[in-house]
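K.L.:
My request is simple: use the sequences and hints to build the entire structure.
Going down the list, the sequences are from chains G and W. FYI, in this note's numbering the residues of the first sequence are 30 to 162. FYI, in this note's numbering the residues of the second sequence are 30 to 162.
Because the hints were derived from the structure by calculation, they are not lab data. Among the hints, a few may not be true.
Any copy will do: because identical chains look the same in the list, a pair fits if it lies in one copy or spans two.
To be verified - Only pairs whose alpha carbons sit at most 27 Å apart, straight line, appear in this in silico DSSO-like list of lysine-lysine:
hint : residue 1 : residue 2
1    : K31       : K100
2    : K88       : K100
3    : K88       : K31
4    : K138      : K31
5    : K138      : K100
6    : K100      : K134
7    : K88       : K138
8    : K31       : K134
9    : K140      : K88
Protein chains: 2
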Amino acid sequence: MKHLAFIPIGFIRTEVAEVPRHWSISDVEGEILLQPEYQPGLTGLQAGDRIVIIFYFHKSPPFSPENLIQKPPHRDQPAGVFSLCSPLRPNPIGLSVVEIIAIEKNIVKIKGLDMLNGAPVLDIKPYISYQAR
Amino acid sequence: MKHLAFIPIGFIRTEVAEVPRHWSISDVEGEILLQPEYQPGLTGLQAGDRIVIIFYFHKSPPFSPENLIQKPPHRDQPAGVFSLCSPLRPNPIGLSVVEIIAIEKNIVKIKGLDMLNGAPVLDIKPYISYQAR
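P.N.:
Written as structure tokens, this is what we have:
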């Protein structure tokens, strides 16, 4: 099957070595170090905004079929990978919702992250709640 | 820069030719036709659940630097691509939140989609509101 190729638009930087298991329980601060050429794409974003970061789980081991069912540490029962936020997925793509603290040129300071230091960033989108429907 | 390669885990199917500009204003129905080998990964998902679909904007033209600032049809002012949900992005990755209507083997019937027919699906995740924090 044809592969789809993406490039990192930046990288996550955080000094925290052990991040929370999920952004919804995180107060960890860090930053997106955006490649300088993409800086104009930040126009319109500001401190206090919530953004979605799509990133690459660069530390995940290769996925194999037995990982389609997993039992996360915080759950009693095993469940399908598509019902879980596990970093071990067919495509190791992560999604976190974080809050912008400040933007300084191509650096976006953020709060509430759950990515490991060095994670490649694939996209930044505005956060839109399902309740907006 | 090193490319990151992903594979489609399935494809979007819908009979609607003109989809709404965003899932938050969509009632369009369709389905995810998951590759059969990933079917066990759906375990634990059921009708009524909200899921996040990460997909590939397969109809987007190539991105160029002048697209870093865009003026969407429904906005007065141009803005940075990372503050917009435009399908024209450095990495053409889409994110939609939809509701599951039914799951039949490897077919996930969904409501509220805004993808074009044939869009490759990269990941399915549970929807978690920022308000869960």
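K.L.:
Quick one: K88 to K100, C-alpha cut-off 27 Å, is that within a copy, between copies, both, or neither?
P.N.:
within (19 Å within a copy, 37 Å between copies)
K.L.:
Measure nothing new, just compare the shortest in-copy and cross-copy C-alpha distances for K88 and K31 to 27 Å and report within, between, both or neither.
P.N.:
both (24 Å within a copy, 16 Å between copies)
K.L.:
My question is about K31 and K100: at a cut-off of 27 Å on alpha-carbon distance, are they close within one copy, between copies, both, or neither?
P.N.:
Cα proximity of K31 and K100: none, with 31 Å in one copy and 32 Å across.
K.L.:
Up to 27 Å between alpha-carbons, please classify K138 paired with K31: within, between, both or neither.
P.N.:
between (36 Å within a copy, 25 Å between copies)
K.L.:
Checking K100 and K134: alpha-carbon separation at most 27 Å within a copy, between copies, both or neither?
P.N.:
between (42 Å within a copy, 22 Å between copies)
K.L.:
Can you give me the call for K138 and K100, within, between, both or neither, at a CA distance of at most 27 Å?
P.N.:
between (33 Å within a copy, 26 Å between copies)
K.L.:
Check K31 against K134 for me: Cα-Cα at most 27 Å, and say if that holds within a copy, between copies, both or neither.
P.N.:
Cα proximity of K31 and K134: across copies only (24 Å, versus 37 Å in one copy).
K.L.:
With identical chains, the pair K140 and K88 could be close in the same copy or across copies; at 27 Å between alpha carbons, which is it: within, between, both, or neither?
P.N.:
The answer is within: 21 Å in one copy meets 27 Å, while 34 Å across copies does not.
K.L.:
How do K88 and K138 come out at 27 Å by Cα distance, when the copy is not named: within, between, both, or neither?
P.N.:
within (22 Å within a copy, 33 Å between copies)
The structure is inconsistent with hint 1 alone, although it conforms to all the rest.
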